Amino acid sequence: MTERTAGRRLPAAWAEVLGELALTAAAVALALLAGAALLALAGYDVRDAYYNLWDGAFGSVYSVADTLVNAMPLLFAGLAVAFAFRGGLFNIGAEGQLYAGALATAVTAAALAEWPSVPLIAAAMLAGALAGGLWGLVPGALKAKTGAHEVITTIMLNYVAILLTTHLVKQYFKAPGPVDQTALIPAHARLPELIAGTRLTWAVVIGVVLVAAVDWLLRRTSFGFDVVLVGSNPGAAVYAGVPVAARTVWTMAVSGAVAGLAGSTMVLGVLYRFIANFSPGYGFTAVAVALVARARPWGVLPAAVLFGALQAGGLTMQLFARIPADLMTAVQGLVILFVAAPGLLYAWRRLPVAAPRAGTAMTMTAETAAEGAAETAAGPDNETARREAGP
Amino acid sequence: MSEALEAIFHVNTLTSTLRLATPIALAAMAGTLSERVGVINLALEAKLLAGAFAGAYASYVTGSAWLGVGAAVLAGVLIGALLGLFTLRWRANHVVAGIGLNILALGLTTWLLQVIWGSRGTSPVVPDLPGWSIPGLQAVPLLGPLLSGHSPLVYVMLLAGPLLWVWLFKTPGGLRARMIGEHPEAADTVGIPVRRTQFLLLLAAGALAALGGAQLSLGHLSWFSQNMSAGRGYMALAANVFGRWNPLGSMLAALLFAFTDALQMRVQTLPSPPPTELVQMLPYLLTILVVAGAFRKARPPAALGRHYEPGRSGTE
Numbered sequence: 001m002t003e004r005t006a007g008r009r010l011p012a013a014w015a016e017v018l019g020e021l022a023l024t025a026a027a028v029a030l031a032l033l034a035g036a037a038l039l040a041l042a043g044y045d046v047r048d049a050y051y052n053l054w055d056g057a058f059g060s061v062y063s064v065a066d067t068l069v070n071a072m073p074l075l076f077a078g079l080a081v082a083f084a085f086r087g088g089l090f091n092i093g094a095e096g097q098l099y100a101g102a103l104a105t106a107v108t109a110a111a112l113a114e115w116p117s118v119p120l121i122a123a124a125m126l127a128g129a130l131a132g133g134l135w136g137l138v139p140g141a142l143k144a145k146t147g148a149h150e151v152i153t154t155i156m157l158n159y160v161a162i163l164l165t166t167h168l169v170k171q172y173f174k175a176p177g178p179v180d181q182t183a184l185i186p187a188h189a190r191l192p193e194l195i196a197g198t199r200l201t202w203a204v205v206i207g208v209v210l211v212a213a214v215d216w217l218l219r220r221t222s223f224g225f226d227v228v229l230v231g232s233n234p235g236a237a238v239y240a241g242v243p244v245a246a247r248t249v250w251t252m253a254v255s256g257a258v259a260g261l262a263g264s265t266m267v268l269g270v271l272y273r274f275i276a277n278f279s280p281g282y283g284f285t286a287v288a289v290a291l292v293a294r295a296r297p298w299g300v301l302p303a304a305v306l307f308g309a310l311q312a313g314g315l316t317m318q319l320f321a322r323i324p325a326d327l328m329t330a331v332q333g334l335v336i337l338f339v340a341a342p343g344l345l346y347a348w349r350r351l352p353v354a355a356p357r358a359g360t361a362m363t364m365t366a367e368t369a370a371e372g373a374a375e376t377a378a379g380p381d382n383e384t385a386r387r388e389a390g391p
Numbered sequence: 001m002s003e004a005l006e007a008i009f010h011v012n013t014l015t016s017t018l019r020l021a022t023p024i025a026l027a028a029m030a031g032t033l034s035e036r037v038g039v040i041n042l043a044l045e046a047k048l049l050a051g052a053f054a055g056a057y058a059s060y061v062t063g064s065a066w067l068g069v070g071a072a073v074l075a076g077v078l079i080g081a082l083l084g085l086f087t088l089r090w091r092a093n094h095v096v097a098g099i100g101l102n103i104l105a106l107g108l109t110t111w112l113l114q115v116i117w118g119s120r121g122t123s124p125v126v127p128d129l130p131g132w133s134i135p136g137l138q139a140v141p142l143l144g145p146l147l148s149g150h151s152p153l154v155y156v157m158l159l160a161g162p163l164l165w166v167w168l169f170k171t172p173g174g175l176r177a178r179m180i181g182e183h184p185e186a187a188d189t190v191g192i193p194v195r196r197t198q199f200l201l202l203l204a205a206g207a208l209a210a211l212g213g214a215q216l217s218l219g220h221l222s223w224f225s226q227n228m229s230a231g232r233g234y235m236a237l238a239a240n241v242f243g244r245w246n247p248l249g250s251m252l253a254a255l256l257f258a259f260t261d262a263l264q265m266r267v268q269t270l271p272s273p274p275p276t277e278l279v280q281m282l283p284y285l286l287t288i289l290v291v292a293g294a295f296r297k298a299r300p301p302a303a304l305g306r307h308y309e310p311g312r313s314g315t316e
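These protein sequence lines are chains A and B, in that order.
All letters in the first sequence, in the order written, are residues 1 to 391 by this note's numbering.
All letters in the second sequence, in the order written, are residues 1 to 316 by this note's numbering.
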C-alpha cells in the first residue's frame, strides 16, 4: 500500500482510476473467457457466438442504440446501488424499488392524462421516485431501529414488491386481456425519442443529469459528506455527532428513489405500461454495475453500458447463433466475483493487496456494510478488532 | 373461520411443513456452520440451486436418484470451495462474493436447462427419491402419519440439527470452530489451523446446503425448474439469524418459515381463497419480521465477515 498512498494527490487519483480500469478490463476479459470455455464445452461455435455478441452490442448505430436502451434501467438502478454502497449499505432491493416506481408511474400517467406533456412526465417520474423511495425507506428504517441486516430485508422486499404489484394490477388496474398489465399510457406521457428510428429516448439525458446530481450530492453537500462518513467509518461518524440512524434511513430512501426512477423510465420510455413481472432482474445486475463502477457515480455510466452491451449482444447471440442468452447472466456473476476479489487479479504480479481507501474504494464501504450486523449487536467498541489485520 | 383453523392444524399442513422446511433447514444449518467460523454465507442460494440442478441432471442421466444426490453434494462442495477461495484466499468481500456466486449459479443453471433440455421452464420428470416409511412408527397415532413416508433427506435434516448442535457445542472440534469465528488471532495463537478449518467447514456447508437443493428437485418434486430455489437461500440465512447461530435454532426457525409456506398453499385450496399473491407474501413478510425482531437479542460471531490472514506477515 506504500506507493499508492504516498505522493501527489491528483496524479495518484488518476493512477488509481487507471489501475481500477485495468483490473475491471481484466475481470471482464476473464469472465468472457470462462464463458467461451462453457460455450466450447457445450459444443457451440465460440467465434460465431462472440461475433454475434459483439455485432448485437456495437456492430451498428442501431446495435449501439439497443445497448444504450438496455443500459438505461441498469444506469438508474446501478446508481441507486452505488449511492447506498457509499453510505455503507447493501441495497439489493433495487429490483423491488423499481417495481414500486414503475407501477406508481404508470398509474399516475393514466390518472393525470389531462395534463400537458412535460408536467405529466415530471409528475409521473416524481411518483415513481416517491414510491421507490418509500420502498427503500422501509429496510433503512428496519436497519436503523432494529439492526436487521438490509441484505436480507431488501431481498425479501423484492419478492413482496413483485407479488404486491401483481396483485394491485390484477385487482385494480388491469387492462382487458389475458396479461396482467395496465392500459397503455397516453402518447403525450411517453418520453420522446432522442434519435429517430431507434428506441433511444430522453431517458439517457435524464440519466446523465441524475449521475451528475448524485455526484454533486455526495461531493458538495453536507448530507453527502455524512453519508460517505457513515459508510467509510461509522465509529468516526458517531464521534463527529452524525445522526447515524437517520442517515441510514435517508440513504436507503434516496437510493430507493433513484431505483424507482429506473422503473419510471422503463414505463415511460420502453414499455408504455406496467406489466406484472416485467423485470428480468435489472435490480440484481445493478449490483454488478455498482461494483464495476467502484461505487463512483460517473463510473456507473460506462459500467451500465458494459452490462447493457452484454444484454443486447446476448439477445442477438440467442437470435442468430441459437445460444440461450442466459449465459450472459453467468458471465455477469463471474465479473462480480473477479472484480470483488482484489487478491485474485493482483496475484499474477505478486503484489500485496492495497489497503482500501476510505470513501472511494468499494471494498471499504462494502466491508463496513457487511459488518453492520456485528456492529449493531456488539457495539462500536470492537471497531478496531474488526479492522483488517493488514500489513 | 373454523375452516381456516382446520386448514392450519390439518395433518397435511404439518407434513408439507416438514417437506418444505428441509431445503431451508439444511441451508440454514450450512449457514450456521460457515458463519460460526466467520464467513458470511450468502451463497446458500447458489448451493441450493446448483444442488437442485446437479441432482436432477445426474438422476436424468443415470436413472438413479441416489447418484443425483451424490452429484448435488459435489456441486455444493464445489461452490463451497469457490466461496472459500474467493473470500479466504483472494479476500473478496463476503457479501459481494456470495451475490456473485448466486448470479453465476442462476445464469448457469438457466442456461444449461435450455442447452440440455431445450426449455426455459422445467426439465423433464426424472427419477426421484423414494418415500421412506419407518417400520413401527406408522402405527403410532399422530406421529405416525406425520413422520413417515418422507424423502430420506427429510430424515437427514431432522438428524442433522441435533447432531450438529452436539458437535458445535459439546465437542472440542466445535469449540475450536467457534473460537475462529469469535477471535481468529487467538485461535491461531493456540495452534488451531484457522484457514484449513474455515475451508473444511465451508465445504461441509456446501454439501449440506446442496442436500437441501436435492430435496427440491428429487424429494419434494421430481424435476428441476428455472430459479427453483426462489430465495430460500436468503430465507435460510434469516433462519440462521433467528436461530441465533445455533443448528437447532436454525432448524426450528426453518420449520416456522416452512409452516407459513405450507399454510399459504393450504389456504389456497379453501373454497373462497384470499388473493393468491397476498397469501404468497406471507413467508417473505415473516422473514422480515423475524430478522427485525431477532437482531435485538442475538449476537453474531464477533469476527463475522472479517478477513484474517494467518501467519506472521499478514500477507501471503
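Simulated from the structure, these hints should not be mistaken for lab results.
These figures come from a predicted structure and were not determined experimentally.
Each hint should be verified, as a subset may be incorrect.
Derived DMTMM-like pairs: lysine to aspartate or glutamate, alpha-carbon spacing no greater than 25 Å straight-line [claimed, not checked]:
no., chain 1, residue 1, chain 2, residue 2
1, A, K170, A, D180
2, A, K170, B, D188
3, B, K170, B, E182
4, A, K174, B, D188
5, B, K170, B, E185
6, B, K170, B, D188
Far from chain B by the CB rule (all over 10 Å, computed), these chain A residues [what the hints assert, rightly or not]:
no., residue
7, E16
8, L21
9, A42
10, F90
11, W115
12, L142
13, Y159
14, V179
15, W202
16, G235
17, F284
18, V305
19, D326
20, A330
21, G333
22, A340
A virtual CB, placed ideally from N, CA and C, is assigned to each residue, including glycine.
Here's how the hints hold up against the structure:
1. Between K170(A) and D180(A) the alpha-carbon distance is near 6 Å, which keeps this suggested pair within the 25 Å criterion.
2. Restraint check for K170(A) and D188(B): the C-alpha separation of about 58 Å exceeds 25 Å, so the hint is violated.
3. Of the pairs offered as hints, the one joining K170(B) and E182(B) holds, with about 17 Å between alpha carbons and a cut-off of 25 Å not exceeded.
4. This hinted pair does not check out: K174(A) and D188(B) have alpha carbons roughly 62 Å apart, beyond 25 Å.
5. Using a Cα cut-off of 25 Å, the hinted pair K170(B) and E185(B) holds, with the two alpha carbons roughly 22 Å apart.
6. A hinted pair counts as satisfied when its Cα atoms are at most 25 Å apart, and K170(B) with D188(B) qualifies at roughly 21 Å.
7. For E16(A), the non-interface assignment is confirmed: its Cβ lies about 18 Å from the closest Cβ of chain B, beyond the 10 Å cut-off.
8. A cut-off of 10 Å between C-beta atoms confirms that L21(A) is not in contact with chain B; the least separation is 19 Å.
9. Look at A42(A): its CB is around 5 Å from the nearest CB on chain B, not clear of 10 Å, so calling it non-interface is violated.
10. Against chain B, the non-interface label of F90(A) is violated: not every CB pair exceeds 10 Å, the least being about 6 Å.
11. Interface exclusion of W115(A) from chain B stands, the closest Cβ pair being 31 Å apart, more than 10 Å.
12. The non-interface label for L142(A) is inconsistent with chain B: the shortest C-beta to C-beta separation is roughly 5 Å, within 10 Å.
13. The claim that Y159(A) is not at the interface with chain B is violated, since a C-beta of that chain comes within 10 Å of its own (minimum 5 Å).
14. With a least beta-carbon separation of about 15 Å from chain B, V179(A) lies farther than 10 Å from that chain, consistent with its non-interface assignment.
15. The Cβ of W202(A) sits about 30 Å from the closest Cβ of chain B, beyond the 10 Å cut-off, so the non-interface label holds.
16. Here G235(A) stays apart from chain B, with its beta-carbon at least about 15 Å from theirs, past the 10 Å limit.
17. Non-interface status of F284(A) relative to chain B is broken: a Cβ of that chain comes within 10 Å, the nearest being about 6 Å off.
18. Remark: the non-interface label on V305(A) is consistent with the geometry, its nearest Cβ contact in chain B lying 19 Å away (cut-off 10 Å).
19. Chain B draws D326(A) into its interface by the beta-carbon criterion, the shortest separation being 4 Å against a cut-off of 10 Å.
20. Residue-level check failed: A330(A) sits 3 Å from the nearest beta carbon of chain B, not beyond 10 Å.
21. Listed as a non-interface residue, G333(A) fails to keep its Cβ farther than 10 Å from every Cβ of chain B; the least gap is roughly 3 Å.
22. Separation of A340(A) from chain B is inadequate, the least Cβ-Cβ distance of about 4 Å not exceeding the 10 Å criterion.
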